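Number of protein chains: 2
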Amino acid sequence: MLEGYRGKALELLEKIGAEVGDVVEIVKNGLTVRGLLMPSYSKDDSILVVKLDNGYNAGFSIENATLRLISKGKSRIHPVTSEEKRRSEVKIISTGGTIASRVEYETGAVRPALSTEEILMFAPEIKEIAEVSAEILFSILSENMRPEYWIKIIQSVVSAFKEGNSGIVIAHGTDTMSFTASALAFALKKLPGPVVMVGSQRSSDRPSSDSTINLISSILLAKHGEFAEVAVAMHGESSDSHVLAHRGVKVRKMHTSRRDAFQSINDIPLAKVFWREKRIKMLRTDFIKRSDEVEASPKFEEKVFLLKFYPGLRPEIVDYLVSSGVRGIIVEGTGLGHTSDQFVDVFRRAEKEGVFVGMTSQCLFGRVNMNVYTTGRLLQQAGVTPLEDMLPEVALVKLMWVLAHETDLAEVRRLMQSNLVGEINLRHTIDLFPRWKYE
Amino acid sequence: MLEGYRGKALELLEKIGAEVGDVVEIVKNGLTVRGLLMPSYSKDDSILVVKLDNGYNAGFSIENATLRLISKGKSRIHPVTSEEKRRSEVKIISTGGTIASRVEYETGAVRPALSTEEILMFAPEIKEIAEVSAEILFSILSENMRPEYWIKIIQSVVSAFKEGNSGIVIAHGTDTMSFTASALAFALKKLPGPVVMVGSQRSSDRPSSDSTINLISSILLAKHGEFAEVAVAMHGESSDSHVLAHRGVKVRKMHTSRRDAFQSINDIPLAKVFWREKRIKMLRTDFIKRSDEVEASPKFEEKVFLLKFYPGLRPEIVDYLVSSGVRGIIVEGTGLGHTSDQFVDVFRRAEKEGVFVGMTSQCLFGRVNMNVYTTGRLLQQAGVTPLEDMLPEVALVKLMWVLAHETDLAEVRRLMQSNLVGEINLRHTIDLFPRWKYE
Numbered sequence: 001m002l003e004g005y006r007g008k009a010l011e012l013l014e015k016i017g018a019e020v021g022d023v024v025e026i027v028k029n030g031l032t033v034r035g036l037l038m039p040s041y042s043k044d045d046s047i048l049v050v051k052l053d054n055g056y057n058a059g060f061s062i063e064n065a066t067l068r069l070i071s072k073g074k075s076r077i078h079p080v081t082s083e084e085k086r087r088s089e090v091k092i093i094s095t096g097g098t099i100a101s102r103v104e105y106e107t108g109a110v111r112p113a114l115s116t117e118e119i120l121m122f123a124p125e126i127k128e129i130a131e132v133s134a135e136i137l138f139s140i141l142s143e144n145m146r147p148e149y150w151i152k153i154i155q156s157v158v159s160a161f162k163e164g165n166s167g168i169v170i171a172h173g174t175d176t177m178s179f180t181a182s183a184l185a186f187a188l189k190k191l192p193g194p195v196v197m198v199g200s201q202r203s204s205d206r207p208s209s210d211s212t213i214n215l216i217s218s219i220l221l222a223k224h225g226e227f228a229e230v231a232v233a234m235h236g237e238s239s240d241s242h243v244l245a246h247r248g249v250k251v252r253k254m255h256t257s258r259r260d261a262f263q264s265i266n267d268i269p270l271a272k273v274f275w276r277e278k279r280i281k282m283l284r285t286d287f288i289k290r291s292d293e294v295e296a297s298p299k300f301e302e303k304v305f306l307l308k309f310y311p312g313l314r315p316e317i318v319d320y321l322v323s324s325g326v327r328g329i330i331v332e333g334t335g336l337g338h339t340s341d342q343f344v345d346v347f348r349r350a351e352k353e354g355v356f357v358g359m360t361s362q363c364l365f366g367r368v369n370m371n372v373y374t375t376g377r378l379l380q381q382a383g384v385t386p387l388e389d390m391l392p393e394v395a396l397v398k399l400m401w402v403l404a405h406e407t408d409l410a411e412v413r414r415l416m417q418s419n420l421v422g423e424i425n426l427r428h429t430i431d432l433f434p435r436w437k438y439e
Numbered sequence: 001m002l003e004g005y006r007g008k009a010l011e012l013l014e015k016i017g018a019e020v021g022d023v024v025e026i027v028k029n030g031l032t033v034r035g036l037l038m039p040s041y042s043k044d045d046s047i048l049v050v051k052l053d054n055g056y057n058a059g060f061s062i063e064n065a066t067l068r069l070i071s072k073g074k075s076r077i078h079p080v081t082s083e084e085k086r087r088s089e090v091k092i093i094s095t096g097g098t099i100a101s102r103v104e105y106e107t108g109a110v111r112p113a114l115s116t117e118e119i120l121m122f123a124p125e126i127k128e129i130a131e132v133s134a135e136i137l138f139s140i141l142s143e144n145m146r147p148e149y150w151i152k153i154i155q156s157v158v159s160a161f162k163e164g165n166s167g168i169v170i171a172h173g174t175d176t177m178s179f180t181a182s183a184l185a186f187a188l189k190k191l192p193g194p195v196v197m198v199g200s201q202r203s204s205d206r207p208s209s210d211s212t213i214n215l216i217s218s219i220l221l222a223k224h225g226e227f228a229e230v231a232v233a234m235h236g237e238s239s240d241s242h243v244l245a246h247r248g249v250k251v252r253k254m255h256t257s258r259r260d261a262f263q264s265i266n267d268i269p270l271a272k273v274f275w276r277e278k279r280i281k282m283l284r285t286d287f288i289k290r291s292d293e294v295e296a297s298p299k300f301e302e303k304v305f306l307l308k309f310y311p312g313l314r315p316e317i318v319d320y321l322v323s324s325g326v327r328g329i330i331v332e333g334t335g336l337g338h339t340s341d342q343f344v345d346v347f348r349r350a351e352k353e354g355v356f357v358g359m360t361s362q363c364l365f366g367r368v369n370m371n372v373y374t375t376g377r378l379l380q381q382a383g384v385t386p387l388e389d390m391l392p393e394v395a396l397v398k399l400m401w402v403l404a405h406e407t408d409l410a411e412v413r414r415l416m417q418s419n420l421v422g423e424i425n426l427r428h429t430i431d432l433f434p435r436w437k438y439e
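Residue numbers (the working numbering), protein chains in the order written: chain Y, 1 to 439; chain Z, 1 to 439.
Wrong hints could be hidden among the right ones.
Lysine to any residue pairs mimicking SDA-like chemistry, simulated, CA-CA at most 25 Å apart [as the list claims (entries may be wrong)]:
#	chain 1	residue 1	chain 2	residue 2
1	Y	Lys272	Y	Asp53
2	Z	Lys437	Y	Asp345
3	Z	Lys272	Y	Asp341
4	Y	Lys437	Z	Tyr149
5	Y	Lys437	Z	Phe274
6	Z	Lys152	Z	Ser166
7	Z	Lys299	Y	Asp341
8	Z	Lys281	Y	Lys278
9	Y	Lys272	Z	Asp431
10	Y	Lys303	Y	Arg427
11	Y	Lys437	Z	Gly4
12	Z	Lys278	Y	Glu406
13	Z	Lys437	Y	Gly422
14	Y	Lys281	Z	Ser166
15	Y	Lys437	Z	Leu409
16	Z	Lys303	Y	Lys281
17	Y	Lys278	Z	Glu439
18	Z	Lys303	Z	Arg435
19	Z	Lys437	Y	Ala404
20	Y	Lys437	Z	Ser166
21	Z	Lys281	Y	Ile288
22	Z	Lys299	Z	Leu415
23	Y	Lys190	Y	Glu406
24	Y	Lys278	Z	Lys437
25	Y	Lys437	Z	Arg276
If you are wondering where the hints come from, they were derived from the structure by calculation, not from laboratory data.
None of the values given here were measured: they were computed from a predicted structure.
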């Protein structure tokens with residue numbers, strides 16, 4: 001199999017009998033490079049893509065180069081057989097996104113690819129960690145993710161555990177990965193093992209891609225992780241030293257392009273993964289323990305709204321939302337949980353109509369406290385519920401889940417203020433806030 | 001003047017002839033404490049509040065204590081005279097907020113206080129830095145700030161420069177301080193000196209209050225700052241070592257309660273202030289230089305909306321916004337600047353109606369790039385304008401200002417993509433992203 005190779009490169013590879021997954025040696029201008037032959041998506045048909053020992057993929061031109069086949073790959077890539085499925089310890093559920101994508105050269109844009117075998121091709125070492133099987137659930141860009149897809153993912157997770165897997169990996173686009181992580185966390189009430197969401201910020205054909213390292217780490221976590229909860233596994237810092245496993249309800253994408261974009265907010269991560277040593281270091285002991293069964297309640301009420309407050313926002317938007325039939329509003333207020341006092345009356349009217357109104361902070365870090373200032377107390381008197389240190393996005397997904405299960409407003413309020421799966425952290429330590437350094 | 005003192009404490013202070021601003025000595029249980037007598041807002045009428053050398057205010061019970069008057073305060077506090085106003089180098093414009101607040105003991109909540117003299121009472125050392133005069137423009141909690149108040153602040157800044165002040169300090173609540181900073185930055189086109197916004201996260205009667213240090217630093221910046229732009233001066237880190245002066249259009253409140261809640265996003269701050277040494281260290285050289293004149297264009301179009309995207313958001317909200325008469329929408333998209341592709345048609349319709357649609361990222365850090373993925377390109381074809389690395393909140397205020405000055409949609413787009421006052425940073429260095437550390 002010589003996926004993606006054309007022209008001169010294909011010719012040369014066929015001549016020496018090399019296939020994707022074999023170790024090859026390139027000698028060029030006195031320099032010798034050894035690595036695993038990777039699939040190519042290069043526009044240039046004279047380029048070989050080789051995975052180096054440091055985990056990076058690099059492209060080499062075959063012009064003036066000598067190529068040798070060093071050894072045949074141990075693990076041939078082929079579609080998953082039913083025997084492998086039976087033996088599978090970790091199931092990879094692919095939903096799309098950059099981690100399963102390649103550059104579409106006609107347009108220069110990145111498009112999701114379909115094949116899970118392709119994912120495995122980029123990280124053959126996965127087979128050394130666990131027996132895996134893979135499922136392509138769908139192939140969508142995560143900005144197109146919707147609650148109806150969350151339900152399909154949850155059902156697929158339940159099936160995978162019932163098939164006998166002890167951990168699940170979900171390949172997902174990074175744009176809305178934390179929303180999906182929250183949806184899974186609230187809906188999967190009992191879990192026999194880890195559900196690890198993984199994505200990548202740079203596609204696998206780029207030298208700086210994080211897909212291989214993140215994927216390997218997610219398999220390690222799914223196989224050996226002690227926790228039975230939904231986690232997000234992504235690069236921990238800007239180099240490749242480690243991957244962090246964040247609690248799914250406490251993580252947020254904090255950068256548009258960095259590989260360490262995902263960070264825990266208001267809580268410490270579950271674990272650090274030293275992928276080179278194939279070692280997991282737990283960072284906390286209060287994780288949810290494995291259950292014997294798997295139980296899910298995948299229902300979400302979509303008639304909710306996330307309202308970000310700003311100076312000049314007109315209160316009429318709330319009347320519109322109520323009249324359009326929303327059952328709940330998460331307000332992303334300022335500071336400790338405020339809007340202008342012009343909103344007190346509209347929120348009171350909304351609550352009288354049976355609409356839940358919950359308060360989070362656009363600061364993201366810290367906890368709302370609506371008892372300190374007059375405005376906070378007025379808003380509470382109008383029925384607005386303070387939502388502790390929950391991220392606005394997590395509060396929204398939680399509200400979707402709660403409203404799908406409960407109609408009584410008092411009970412909705414109680415559930416929204418209760419810590420169900422670690423989404424509320426009652427104890428903040430000083431080190432939860434990151435550091436900015438300027439010299 | 002013995003502001004706030006009652007009962008036993010008042011009696012004792014009157015006996016030794018001490019006033020607020022005098023240095024007093026308290027001897028109690030063999031311990032001796034010296035400090036500046038501060039106004040008291042304690043419920044307990046046996047408590048003296050003293051400002052210690054480390055900048056903190058501490059409360060001491062007078063039970064079993066001996067009290068001595070050491071020296072009379074150099075600067076007596078009194079309402080600003082017309083002579084002082086004439087000599088004034090730095091004008092303090094007070095708009096309200098915690099920095100000008102005290103605890104309302106009947107309810108336990110914090111309420112804004114009115115008197116600028118009170119602010120000066122808490123930091124008598126200000127008079128050693130600059131000749132100041134003060135104006136109480138209004139006294140509102142900053143969550144109630146609205147564009148019409150921004151206009152009043154801007155007019156007041158213009159007057160203050162015309163009166164001969166070389167720098168301006170604006171005391172403001174922290175909740176919406178960064179919104180006001182942006183409004184001022186866009187509207188104040190030419191400035192003869194620094195406009196420094198300052199707030200505090202903890203009220204001045206709390207021992208851990210940041211108000212004195214922030215206020216002193218803001219006066220230093222207003223007097224000696226080389227830049228002629230709008231800055232926000234707040235605690236730089238969790239201890240009291242320094243205050244940071246952030247560019248007004250690149251700063252965001254990132255924590256609900258920490259004193260170092262304000263941080264520059266996607267840019268480095270303008271300066272560090274070592275308030276103890278009364279020293280300003282500039283962190284960049286590309287600041288806006290002083291102009292001979294002051295020029296402002298304080299107009300804001302309020303018919304705008306900040307729309308935060310999330311999975312499950314219905315495109316109909318955009319049709320509603322357009323039909324309700326908005327002239328511009330700032331989308332807080334996912335990742336590099338996306339919404340679900342369900343929004344392509346509604347955004348196209350909005351643009352056809354002459355509504356500007358601009359894209360920012362809810363990641364906050366990083367830059368939008370709508371050329372990488374299919375969705376981004378589709379959104380751009382529908383007319384959505386990518387807004388570089390601008391913060392969503394800054395883009396919204398900028399749009400309010402641009403739409404108040406320009407009706408041609410092509411010109412609005414051009415202005416929104418142009419760097420007017422430092423709101424777009426074309427060069428990101430790796431150290432702009434803060435560090436999370438877990439052991």
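Against the structure, the hints:
1. Y/Lys272 to Y/Asp53: Cα-Cα ~21 Å, so holds.
2. Z/Lys437 to Y/Asp345: With a Cα-Cα distance of about 43 Å, the restraint between Z/Lys437 and Y/Asp345 is violated, given a limit of 25 Å.
3. Z/Lys272 to Y/Asp341: 35 Å, violated
4. Y/Lys437 to Z/Tyr149: Violated. Y/Lys437 to Z/Tyr149 sits at ~34 Å, over the 25 Å cutoff.
5. Y/Lys437 to Z/Phe274: 15 Å, holds
6. Z/Lys152 to Z/Ser166: 19 Å, holds
7. Z/Lys299 to Y/Asp341: Measuring from Cα to Cα gives roughly 23 Å; hence the hint holds.
8. Z/Lys281 to Y/Lys278: It is violated: about 46 Å lies between the C-alpha atoms, which goes past 25 Å.
9. Y/Lys272 to Z/Asp431: 22 Å, holds
10. Y/Lys303 to Y/Arg427: 32 Å, violated
11. Y/Lys437 to Z/Gly4: The hint is violated at about 40 Å.
12. Z/Lys278 to Y/Glu406: 59 Å, violated
13. Z/Lys437 to Y/Gly422: 20 Å, holds
14. Y/Lys281 to Z/Ser166: Distance of about 56 Å is beyond 25 Å: violated.
15. Y/Lys437 to Z/Leu409: 40 Å, violated
16. Z/Lys303 to Y/Lys281: 51 Å, violated
17. Y/Lys278 to Z/Glu439: 18 Å, holds
18. Z/Lys303 to Z/Arg435: 38 Å, violated
19. Z/Lys437 to Y/Ala404: 38 Å, violated
20. Y/Lys437 to Z/Ser166: Violated - the C-alpha atoms of Z/Ser166 and Y/Lys437 are around 30 Å apart, more than 25 Å.
21. Z/Lys281 to Y/Ile288: Roughly 48 Å between the alpha carbons, so the hint for Z/Lys281 and Y/Ile288 is violated.
22. Z/Lys299 to Z/Leu415: 16 Å, holds
23. Y/Lys190 to Y/Glu406: 19 Å, holds
24. Y/Lys278 to Z/Lys437: Holds, because 21 Å separates the two Cα atoms, which is no more than 25 Å.
25. Y/Lys437 to Z/Arg276: The given pair, whose Cα atoms are some 20 Å apart, holds under the 25 Å limit.
Hint check: violations occur at hints 2, 3, 4, 8, 10, 11, 12, 14, 15, 16, 18, 19, 20 and 21; the rest are consistent with the structure.
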